[in-house]
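Undergrad: Just so you know, the protein sequences line up as chains X and P, in that order.
If you read the first sequence in our numbering, its first letter stands for residue 1, the second for the next number, and so on.
If you read the second sequence in our numbering, its first letter stands for residue 1, the second for the next number, and so on.
Hints in this document: simulated from the structure, not taken from any laboratory.
Watch out, some of these pointers could steer you wrong.
As the list claims (entries may be wrong) - Chain X is faced by these chain P residues, among others (derived, beta-carbon under 8 Å):
1. Arg6
2. Leu7
3. Glu58
4. Pro61
5. His63
6. Phe81
7. Phe111
8. Asp147
9. Gly149
10. Lys222
11. Leu226
All C-beta atoms, glycine included, are put in the ideal place defined by N, C-alpha and C.
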Amino acid sequence: MSVFYENRDIVTPGDLLAEGEFEAGRNTYKIDSKIYACKLGLVEYKGKTVQVVALNTFYVPSVGDIVIGKIIEINLHGWIVDINSPYLAMLRPTEALNKSYKPQKDELSGFLDVGDLIQAKIIAYDRTRNPLLTIKEPGLGKITRGQIVKVSPAKIPRIIGRKGSMINMLKRETRCNIVVGQNGLIHICGRNSEDERIAVLAIKKIELEAHTSGLTDRITEMIRKERRSE
Amino acid sequence: MTEKIRLVDDNGIRTDGRKLDELRPIKLEAGVLSNADGSAYIEQGKNKILAAVYGPREVHPRHLALPDRALLRCRYHMAPFSVQERKSPAPSRREIELSKVIREALEPAIFLERFPRTAIDLFIEVLQADGGTRVAGITVASLALADAGIPMRDIVAACAAGKADGYILLDLNDLEDKEGEADVPVAYMPSLNRVGLLQMDGQLTPEEFEKAFNLAIEGCKKIYALQKQALKAKYLAIKEAVEETGQK
């Protein structure tokens, strides 16, 4: 039973993190009783679990996630949506329209067209099939105004913060409505463009400094400073 | 007939001033291209190589997709201006073969089975060549893969050793490669103690081969340390900058 790093040290793929009766958490793998990192990130020892918080990653779909996507294709079965992940998602007409869908007479592009952005939820996904989406829940659907910011999906947990501390602070300080897609796209909708500009700045700063401590306070300070200089 | 060039002098010093078991100076940098998902750059002596990674992403054309794992596609390419005599930009027989051996050296390091039906595209562009570009290509490519956040068992480090003027040398340059007797490129995963690429061009006795192989492994371990440092550098710099302003 031995560990080879301190909590929150930066580790690289192949680094031996721990040996003994540990469990391999996120971004790690186990050979016999040795646990190695498989991504560049910050190591965390939590009791018996060893995990790595990745510094860069791509989005792997997971059922129940809210994502922001772009319609890239329409066919008879529904819409094909780019959700910034290795797999393209499918949105079926039954998960979007309130009436029954008849391919003979209904035109899907009249409802959502190629290039439209949507907020959606993943309802089904496994490795053998592409993810399925729904927009039939309150808050979901076509995005009609505001701005979209793209960040690395690895930084999403930091933008939300512990129990939503960071995102709640952002919403309060910038007076914007912010929806965080788990796939790294963030929708910002404020009362004026100045509010939105500050929110975008704050999110970019969080992305850059995600692996440092005392971030929430620094971001609050930055937003207030931006406000004063208006 | 021209006089044969001496590659190692009486003091055991090579043409570029290195000792027998000395690497060329290496500069490594990760995340140099903003449009790629992951990227890296290496300067090893006079070699200058850029690597870019895209993916995992949808496979085009579709029929190439594998049902049980991701497809790794690799292109090793030398720029027309990378060598003395202009090289045709069309992929040569040599480049196609090197693309294949580099791919096979990197495949065991990546958890390809976690992303079925996707493709990872890897581009290695040699901007300036001075011997040992296949190993430097592997070194920089694995750094770009790690930078892209692709889960890997280990970073792959690669280095060549060989024989020239009867001496076993580490990290041959172009002259030693062409005029020397043998070249042994090795790709190695240090944490797992596994070899991903082993080739030999030329003639060595079994004892000499073993010596060259062990020397190359030692070189790989040194390069591995530099790779780890290069991956961390970007994040450590931000961390330090933030902590510095915090103290003021």
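Undergrad: Each hint should be assessed against the structure and marked as holding or not.
TA: To see whether the hints hold, each was checked on the structure:
1. Arg6: violated, 40 Å
2. Leu7: Since chain X brings no Cβ nearer than about 35 Å to P:Leu7, farther than 8 Å, the hint is violated.
3. Glu58: holds, 6 Å
4. Pro61: violated, 15 Å
5. His63: Result: violated, 16 Å to nearest chain X Cβ.
6. Phe81: Interface hint status for P:Phe81: violated (32 Å vs cutoff 8 Å).
7. Phe111: holds, 7 Å
8. Asp147: holds, 7 Å
9. Gly149: holds, 4 Å
10. Lys222: Violated, about 15 Å.
11. Leu226: Check failed: Cβ of P:Leu226 comes no nearer than 12 Å to chain X, outside 8 Å.
This entry does not satisfy hints 1, 2, 4, 5, 6, 10, 11, going by the numbered hints stated previously.
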